[in-house]
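Heads up: the protein sequence lines correspond to chains G and W, in order. Letter by letter, the first sequence follows residues 1 to 202 of UniProt numbering. Letter by letter, the second sequence follows residues 1 to 202 of UniProt numbering.
Hint data in this document are derived by calculation from the structure and do not stem from the laboratory. Just so you know, not all the hints are guaranteed correct.
What the hints assert, rightly or not - One-sided excerpt, in silico: chain W residues whose CB lies under 7 Å from chain G: (1) 28; (2) 47; (3) 107; (4) 114; (5) 134; (6) 135; (7) 138; (8) 146; (9) 192.
What the hints assert, rightly or not - Each pair of labels, with its calculated beta carbon distance range: (10) 131/G <-> 9/W: 22 to 32 Å; (11) 86/W <-> 79/G: 28 to 38 Å; (12) 127/W <-> 162/G: 49 to 59 Å; (13) 34/W <-> 12/G: 50 to 60 Å; (14) 31/W <-> 199/G: 32 to 42 Å; (15) 200/G <-> 9/W: 18 to 28 Å; (16) 20/W <-> 130/G: 23 to 33 Å; (17) 51/G <-> 48/W: 43 to 53 Å; (18) 29/W <-> 51/G: 17 to 27 Å; (19) 199/G <-> 33/W: 51 to 61 Å.
Fair warning: this is a prediction, and the values are worked out from it, not measured in the lab. Even for Gly, the Cβ is constructed at its ideal location relative to N, Cα and C.
There are 2 protein chains.
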Amino acid sequence: MGRPPRRLLDRETIVRAGLDLVDAHGADALSVNRVAAELGVKGPSLYNYISGRDDLVDGIRELIVAEMELDLTVTPWTATLDAWARSYRAAFGAHPKAVPLLVARPIRSPGALRAYAVAFAGLREAGWPEHRVLPVVWAVECFLLGAALTAGPPVVAAAPDDPPPGVEALFDAGPKEFDAAFETGLAALIRGLAFELDGLLR
Amino acid sequence: MGRPPRRLLDRETIVRAGLDLVDAHGADALSVNRVAAELGVKGPSLYNYISGRDDLVDGIRELIVAEMELDLTVTPWTATLDAWARSYRAAFGAHPKAVPLLVARPIRSPGALRAYAVAFAGLREAGWPEHRVLPVVWAVECFLLGAALTAGPPVVAAAPDDPPPGVEALFDAGPKEFDAAFETGLAALIRGLAFELDGLLR
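Taking the hints into account, I'd like the entire structure generated from these sequences.
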């Protein structure tokens, strides 16, 4: 019999274990020592691959962004933005508990910057003036972050004893209603932005 | 000399101390014992006023919603929705670290339900069909939650060594650019929704 197989560590394995922790137990659970415990190794052995908790968060962002489909060659720009938004929602909505963690940490990840570069390029090509590019992308991203954040939990508890009249729709609402809200918001945002661009280009 | 003045406890004082904790130290810091310590009392003495951490979160939501201006008599409905959204952003954007906490907990608060009731009523009066009322409000709320969540921290770290071309605008962006994104998104959402309603009522 040889020695027991040694767990092979690499950065991706470590970061993925961190994301699994966050998905299962929330952002508070993320620490280098806890990730090490999940991997069955001692904390210090991870520091050959990551520099600390912040670096774990950067790596988690990189993992999630890597799930986005960024080879966007659809036209017109409204279709590009729609595809970008759906891809963003799919990637981040799969990890709602990671969203607060990511928002609280400035972006350094090359993958995230590439995702911005794709969105910016699509808008520029459509004729959006330079000073409108960032506000437009951030506006859509605010919506997408909110949608990702609320992807998990129910919004409203079971009907209270004495609700104000007219809010009954809230008490039966679930994932189907969330999808409807997402479609409603994305369509309205893009339509409203298209209206602005039409005015600018006229 | 009499006895030292006894700290007067009531539910609002306790909940406000909880919100101060979250604002200063993040959602993880919120616990009954920590709030008690902030108030200079022992943990068990709080249980006459609150039932536990979840109840603190419910109270925090009630406090924040109480800061919203809900006496909305402006017309047309697009102006009502605009005012509701700005009021929501002002209230929740003042407490970005509380947002993940609130989103993770189903709503029970009467004040929050009243805020929905105001938004729903405005849309019904404008002619929105019943099945569109909830998706429209949630769509706007996704945007507002994202805007509140990102109200605090910088989005992008200082320019990395080798950024992809075309994303330079990110590296100088601050609160002014966030405001521009908020205005852009809110205007586009409302314009897009108005376009849909025009079609429905035609």
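Taking the hints in turn, this is what the structure says about them:
Because the beta carbon of residue 28/W sits about 5 Å from the nearest beta carbon in chain G, less than 7 Å, this interface hint is met. Residue-level restraint check for residue 47/W is violated (minimum Cβ-Cβ distance to chain G is 21 Å; threshold 7 Å). Contact between residue 107/W and chain G, as hinted, is supported at the beta carbon level, the nearest pair being about 5 Å apart and thus within 7 Å. This hint holds: residue 114/W has a C-beta 5 Å from the nearest C-beta of chain G, less than the 7 Å allowed.
Using the Cβ-Cβ criterion of 7 Å, the hint placing residue 134/W at the interface with chain G is satisfied: the shortest such distance is roughly 5 Å. Here the hint on residue 135/W is kept, as its CB sits about 4 Å from the closest CB of chain G, short of 7 Å. Residue-level restraint check for residue 138/W holds (minimum Cβ-Cβ distance to chain G is 3 Å; threshold 7 Å). Because the beta carbon of residue 146/W sits about 4 Å from the nearest beta carbon in chain G, less than 7 Å, this interface hint is met.
For residue 192/W, the shortest C-beta to C-beta distance to chain G is roughly 3 Å, which falls under 7 Å, so the interface hint holds. Between residue 131/G and residue 9/W the Cβ separation comes to about 52 Å, which falls outside the hinted range of 22 to 32 Å. One distance hint, 28 to 38 Å for the beta-carbon pair residue 86/W and residue 79/G, holds here, with the actual separation near 31 Å. A C-beta distance of roughly 29 Å is found between residue 127/W and residue 162/G, which places it outside the suggested range of 49 to 59 Å.
For the pair residue 34/W and residue 12/G, the supplied restraint of 50 to 60 Å is violated, since their beta-carbon distance comes to about 36 Å. The hinted range of 32 to 42 Å is not satisfied by residue 31/W and residue 199/G, whose Cβ atoms lie roughly 52 Å apart. Between residue 200/G and residue 9/W the CB atoms are about 57 Å apart, so this pair departs from the stated range of 18 to 28 Å. For the pair residue 20/W and residue 130/G, the supplied restraint of 23 to 33 Å is violated, since their beta-carbon distance comes to about 41 Å.
Range check, residue 51/G to residue 48/W: about 47 Å between beta-carbon atoms, so the 43 to 53 Å window is met. In this structure, residue 29/W and residue 51/G meet the distance hint of 17 to 27 Å, their C-beta atoms being roughly 25 Å apart. For residue 199/G paired with residue 33/W, a C-beta distance near 57 Å keeps the hint of 51 to 61 Å intact.
Violated hints, listed in ascending order, are 2, 10, 12, 13, 14, 15, 16; each of the other numbered hints is respected by the structure.
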